[in-house]
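Colleague: Please build the complex by placing chain B on the supplied structure of chain A, with the hints as guidance.
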Amino acid sequence: MFKSTVYKKVKRSRNFFMLLLVILLVLVGGKIIMAHEKIAAYEEAMRLFRSGNLVAAEKKFRAAKRNLSVTDHNQDINQKLAILSPIREAMEDLDKSAAKYQEEKNLDQLVVTYEHWQKKMRKWVSGTSIQQDMYGEMLVLTKLDQDFVGYFSSIKKTQFAKLQKNTINGEAEEEQIFSILKKIPAEYYGDDPAKTKEVKTVFQQYYAAKIKTLTIENASVAQIVTEGNRQFRMLTKFTIDLGWLINTLDNHLLKVLTTAIDKKEYAAFAEQANTIRNLSTKMKDAKVFTFIEKAKNDLLVKAKSLTASNKYEDAISLYEALKPLENTDQLIENANLAWDQFEPIRVLKRLYPTKEFPSFVNAKNKWGADIVIAAISKDGGIYFGKLKGEEAMAVTEGTLDGTLEVSKLDFDSSFSSSNNPVIVIDAKSKERKHHYLAYEVRPGSLVKILDVEADNLTVESKQVLVVDNPVGSGAGELASYESNAEGVYRFTKIKVDYVDIQVSDITDYYGKKVRFTANAAAKTNGGALVTISETYNFTTSRWEKTYVLLKGQSEFTIYKTYTVIGVLNGYENISDDNGEQVRVPVFQVEKVE
Amino acid sequence: MAKLAVQLSKKKRTKYRFQKLKMCKKCNRYSVMKDETCSTCGTNLVGIESLVKSILKKRLTTEAIRILLIACLGIVFAPTIKTMYYSISVGIIFCFSYVVLTSLFVKSEYFHQLKKLLRTDFRKIQAGILFDSDLAKADVKEERLAAAYEKLREIGDFISTDRLKIRRVMVLNEIALRSDMELELEGLIPSSYDKDFVKYALEVLKINRTLISKKCIAYFIHYRDAIVIDFGMDSLISVAGTALRMKLYILEFSTFIEEFLAYFPKERVLRLCNIIQANPDVEWGSLKEKTMSIVTKKYHYDPDFKRFTIERERFVSHV
Numbered sequence: 096m097f098k099s100t101v102y103k104k105v106k107r108s109r110n111f112f113m114l115l116l117v118i119l120l121v122l123v124g125g126k127i128i129m130a131h132e133k134i135a136a137y138e139e140a141m142r143l144f145r146s147g148n149l150v151a152a153e154k155k156f157r158a159a160k161r162n163l164s165v166t167d168h169n170q171d172i173n174q175k176l177a178i179l180s181p182i183r184e185a186m187e188d189l190d191k192s193a194a195k196y197q198e199e200k201n202l203d204q205l206v207v208t209y210e211h212w213q214k215k216m217r218k219w220v221s222g223t224s225i226q227q228d229m230y231g232e233m234l235v236l237t238k239l240d241q242d243f244v245g246y247f248s249s250i251k252k253t254q255f256a257k258l259q260k261n262t263i264n265g266e267a268e269e270e271q272i273f274s275i276l277k278k279i280p281a282e283y284y285g286d287d288p289a290k291t292k293e294v295k296t297v298f299q300q301y302y303a304a305k306i307k308t309l310t311i312e313n314a315s316v317a318q319i320v321t322e323g324n325r326q327f328r329m330l331t332k333f334t335i336d337l338g339w340l341i342n343t344l345d346n347h348l349l350k351v352l353t354t355a356i357d358k359k360e361y362a363a364f365a366e367q368a369n370t371i372r373n374l375s376t377k378m379k380d381a382k383v384f385t386f387i388e389k390a391k392n393d394l395l396v397k398a399k400s401l402t403a404s405n406k407y408e409d410a411i412s413l414y415e416a417l418k419p420l421e422n423t424d425q426l427i428e429n430a431n432l433a434w435d436q437f438e439p440i441r442v443l444k445r446l447y448p449t450k451e452f453p454s455f456v457n458a459k460n461k462w463g464a465d466i467v468i469a470a471i472s473k474d475g476g477i478y479f480g481k482l483k484g485e486e487a488m489a490v491t492e493g494t495l496d497g498t499l500e501v502s503k504l505d506f507d508s509s510f511s512s513s514n515n516p517v518i519v520i521d522a523k524s525k526e527r528k529h530h531y532l533a534y535e536v537r538p539g540s541l542v543k544i545l546d547v548e549a550d551n552l553t554v555e556s557k558q559v560l561v562v563d564n565p566v567g568s569g570a571g572e573l574a575s576y577e578s579n580a581e582g583v584y585r586f587t588k589i590k591v592d593y594v595d596i597q598v599s600d601i602t603d604y605y606g607k608k609v610r611f612t613a614n615a616a617a618k619t620n621g622g623a624l625v626t627i628s629e630t631y632n633f634t635t636s637r638w639e640k641t642y643v644l645l646k647g648q649s650e651f652t653i654y655k656t657y658t659v660i661g662v663l664n665g666y667e668n669i670s671d672d673n674g675e676q677v678r679v680p681v682f683q684v685e686k687v688e
Numbered sequence: 037m038a039k040l041a042v043q044l045s046k047k048k049r050t051k052y053r054f055q056k057l058k059m060c061k062k063c064n065r066y067s068v069m070k071d072e073t074c075s076t077c078g079t080n081l082v083g084i085e086s087l088v089k090s091i092l093k094k095r096l097t098t099e100a101i102r103i104l105l106i107a108c109l110g111i112v113f114a115p116t117i118k119t120m121y122y123s124i125s126v127g128i129i130f131c132f133s134y135v136v137l138t139s140l141f142v143k144s145e146y147f148h149q150l151k152k153l154l155r156t157d158f159r160k161i162q163a164g165i166l167f168d169s170d171l172a173k174a175d176v177k178e179e180r181l182a183a184a185y186e187k188l189r190e191i192g193d194f195i196s197t198d199r200l201k202i203r204r205v206m207v208l209n210e211i212a213l214r215s216d217m218e219l220e221l222e223g224l225i226p227s228s229y230d231k232d233f234v235k236y237a238l239e240v241l242k243i244n245r246t247l248i249s250k251k252c253i254a255y256f257i258h259y260r261d262a263i264v265i266d267f268g269m270d271s272l273i274s275v276a277g278t279a280l281r282m283k284l285y286i287l288e289f290s291t292f293i294e295e296f297l298a299y300f301p302k303e304r305v306l307r308l309c310n311i312i313q314a315n316p317d318v319e320w321g322s323l324k325e326k327t328m329s330i331v332t333k334k335y336h337y338d339p340d341f342k343r344f345t346i347e348r349e350r351f352v353s354h355v
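Chains as they are written, first to last, in the numbering used here: chain A, 96 to 688; chain B, 37 to 355.
Looking at chain A on its own, in the form it has when it is part of the complex:
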């Protein structure tokens, strides 16, 4: 039932075989075409071979060999290819490999390829004429020689550029560049000596440029020394001459040190010199080392002289500066000791590191000590220290009443009844010009013996003080202060310090404090003009007057009589009633009664 009819079977069978036939006819067609192609390729190859066009012939022979449709001429083709193909393949392979290694920047393999090429080339050049010709053609075709020139030139150029542009990071890269340049065959430098010379020259220029850059940029000596040492090491490794580097470094460092000395930058000098000492032993004969020794000795001498002239800070600074070059610790200690004696406040500051002493005074060889010092701390403490030899400072301390703005601090043993040291303080007062205080140094304590606010204070005699315009008793007058049984100064009486005179006698008391009564005739030159005398000059037919100019108080009213205390202390030019310039004495009014 499911079987096909005979007609269908026959038709199917015919179609199947027809299809097979079509397929086979295609194959047959293909085979015929390919067979003819092979024969044509072979004949063309032979023609090219005979005409000496070996590369093209080899290509055609290969095409013929690849054509497997028929085996005609296979033996001949194989024979020819056995001669030609290895050269082509090797050359193409070399060309390809070289290009690849160049692209990959694999110099080692590129050099290996170059050596391989050289080996092959020697073999072919010394071979049969066909090999020579084939090699010649392949060389022209592949341009392998030009390629290698290009590759190696490019590598050289790149590496040289790196060196010239100074774009190298670290010694490893320098070594790498040196290694790369050494690997490039000598042929591409000219010959072996040329290669060595070129590589050395370019590295020398590179290192010289580096040093030059550092010197131009005023790089630190440490940097230069580090770079110098590095270059010594690298140049030694590369077996490149060091003379130029030694000279360059010597000259530059000498210049740097000289400049530092000239600018008195001793610390910098010492630091630089010390750094320079780290330079390679290859520099041992350099002038810079001699200069360092000499300069160091000179500076030590200078520091010594500074100490002698009490310029301790400078001396110590110099010693400190020279520390990198020399051990100056003892010298610094000696200088500090001398300085403490010269400036004992330093000792006090060391004893009370948390305190500040804005006011202090010291004296030598007093009260049994080499140095005595009095100081007032910012927090209201008062200190008295005694320094003897290398002993520790003996300090007596007390406290001020209230806060003071100290203007002056001094010792005055005349304030003491028992010749104890007395610290006299001149502070600012709100009510008077000065606020005078005195503290007597007694065993174990500081006792305040004076506390007065006045315009002035003078020691009249032993334990007698004259106080000008004190607050309280004697205000507005000169008052005498005398010490009582406890040695504390108290108001005792008013003290007059001027002379009563007539105004006409004023010129006789130039510079002395006087009192007189006068009438203010006019206002001029910021003061009141007082007529001293008036006479008629018959010769000129004029009234001639003499004046004194009162100054120091602005509120004078003319035609009013004043009793003034003051001092004649100068002259000024004024215009008189006649409009003429006259020179008049100036009385500086201290007080108007």
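Note that these hints are calculated values from the structure, not bench results.
For every residue, glycine included, the Cβ atom is placed at its ideal position computed from N, Cα and C.
Possibly wrong hints are sitting among the right ones.
Computed spacing ranges between beta-carbons, pair by pair [stated by the list, open to error]:
id	chain 1	residue 1	chain 2	residue 2	range
1	A	PHE111	B	SER86	21 to 27 Å
2	A	GLU198	B	THR119	45 to 51 Å
3	A	PHE111	B	ILE195	32 to 38 Å
4	B	LEU140	A	PHE111	24 to 30 Å
5	B	LYS118	A	ASP188	37 to 43 Å
6	A	GLU198	B	VAL126	56 to 62 Å
7	A	ASP188	B	THR119	35 to 41 Å
8	A	PHE111	B	VAL126	20 to 26 Å
9	B	THR119	A	SER249	40 to 46 Å
10	A	PHE111	B	TYR229	52 to 58 Å
Keeping only pairs whose Cα atoms sit at most 25 Å apart, straight-line, the calculated PhoX-like set for lysine-lysine is [to be verified]:
id	chain 1	residue 1	chain 2	residue 2
11	A	LYS195	A	LYS214
12	A	LYS379	A	LYS391
13	B	LYS39	A	LYS103
14	B	LYS70	A	LYS103
15	B	LYS39	B	LYS242
16	B	LYS94	A	LYS104
17	B	LYS48	B	LYS70
18	B	LYS143	A	LYS103
19	A	LYS106	B	LYS143
20	B	LYS93	A	LYS103
21	B	LYS62	A	LYS106
22	A	LYS450	A	LYS523
23	B	LYS151	A	LYS103
24	B	LYS39	A	LYS106
25	B	LYS48	A	LYS104
26	B	LYS39	B	LYS62
27	B	LYS143	B	LYS51
28	B	LYS89	A	LYS104
29	B	LYS70	B	LYS151
30	B	LYS143	A	LYS104
31	A	LYS103	B	LYS56
32	A	LYS103	B	LYS94
33	A	LYS106	B	LYS151
34	B	LYS242	A	LYS104
35	A	LYS406	A	LYS461
36	A	LYS106	B	LYS56
37	A	LYS557	A	LYS461
Modeller: Leaving out everything else, chain B in the frame of chain A:
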């Protein structure tokens, strides 16, 4: 039930029955119908002879292709150009020779192929005829009796089963038969008694007596009892009368004729007398005696039989 009046086409006649076979190349179905197109797909049907020729052509082509294939393989695997061209030449020569030789024996090859085709596709042909039969059945159902009968008639050339015969007879019994119709009877005689067939035969007998063949008369004789029961004695008398159509039939069925001779119409008896008289040398047996006796008894006064009665008297007097 009224019979349908239809027009039956003439039966196509071929030298051999197989020539009626056709095939649809598309459906791969055989058919014996007269139709030129496939009833399934509408494609033109191809006659068996054209089909065999086509197959033969394709076989020849296939063989030629095979030879060319071998030649092509030879070319493809030829190691050198020379051997390649040898292969080409040999292939072309072989192919050409095969074509020439086959052409010489193309006729015997044709018959061989025909025989092979009929044998191989026997089942397919059967299936095709069965399909045709189904079409005929469908026609009957849809009362396209002429088409159905024509189909059954064509199928009947290839299948002679009682079932098919009776189916044809049943269709014919539905049709109003006419003398201008190309009817057949002998081919429809079933192997056993069938009432429809007898009915049809009696109908045909009325229209065209010539179709009542020896075999048909024998059928009536064989099943006379059943026929008498179903159709009455007159049917047998009519058949016996039809047996007088030919001298050979008279001799063959003389007994059957003798049995119903007395019921024959005058015309039939007259014909029998004429035949007997025209063949005096034939041994008629008791038929002649009985015939003469009937004539003497029933038609001795009839001038049409006068010459037979005179003859009998002369004979009797002679004796």
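Colleague: Is A/LYS557 close enough to A/LYS461, meaning Cα to Cα at most 25 Å?
Modeller: Between A/LYS557 and A/LYS461 the Cα gap is close to 19 Å, so the pair holds against 25 Å.
Colleague: Is the hinted range of 56 to 62 Å satisfied by the C-beta distance from A/GLU198 to B/VAL126?
Modeller: At 58 Å between Cβs, range holds.
Colleague: Does the hinted range 24 to 30 Å hold for B/LEU140 and A/PHE111 at CB?
Modeller: holds (27 Å)
Colleague: For B/THR119 and A/SER249, compare the CB-CB distance with the range 40 to 46 Å and indicate the outcome.
Modeller: violated (57 Å)
Colleague: Determine whether the Cβ-Cβ distance between A/ASP188 and B/THR119 falls within the hinted range of 35 to 41 Å.
Modeller: Taking Cβ atoms as reference, A/ASP188 and B/THR119 lie about 38 Å apart, which means the hint holds.
Colleague: Do A/PHE111 and B/VAL126 keep their Cβ atoms within the hinted range of 20 to 26 Å?
Modeller: For B/VAL126 against A/PHE111, whose Cβ atoms are near 23 Å apart, the range 20 to 26 Å holds.
Colleague: Going straight from one Cα to the other, do B/LYS93 and A/LYS103 come out at no more than 25 Å?
Modeller: Given that 25 Å is the threshold and the Cα spacing comes to 13 Å, the pair holds.
Colleague: Is the Cα-Cα distance between A/LYS106 and B/LYS56 25 Å or less?
Modeller: The hint holds at about 23 Å.
Colleague: Is B/LYS48 close enough to A/LYS104, meaning Cα to Cα at most 25 Å?
Modeller: Violated, at roughly 31 Å.
Colleague: May I ask you to test the hint 37 to 43 Å on the CB atoms belonging to B/LYS118 and A/ASP188?
Modeller: About 38 Å separates the Cβ atoms of B/LYS118 and A/ASP188, which means 37 to 43 Å holds.
Colleague: Are A/GLU198 and B/THR119 spaced within 45 to 51 Å by their CB atoms?
Modeller: holds (50 Å)
Colleague: Checking one constraint from the list: CA of B/LYS143 to CA of A/LYS103, max 25 Å. Satisfied?
Modeller: The hint holds at about 22 Å.
Of the numbered hints given earlier, the model fails hints 9, 13, 24, 25, 26, 34; all others are met.
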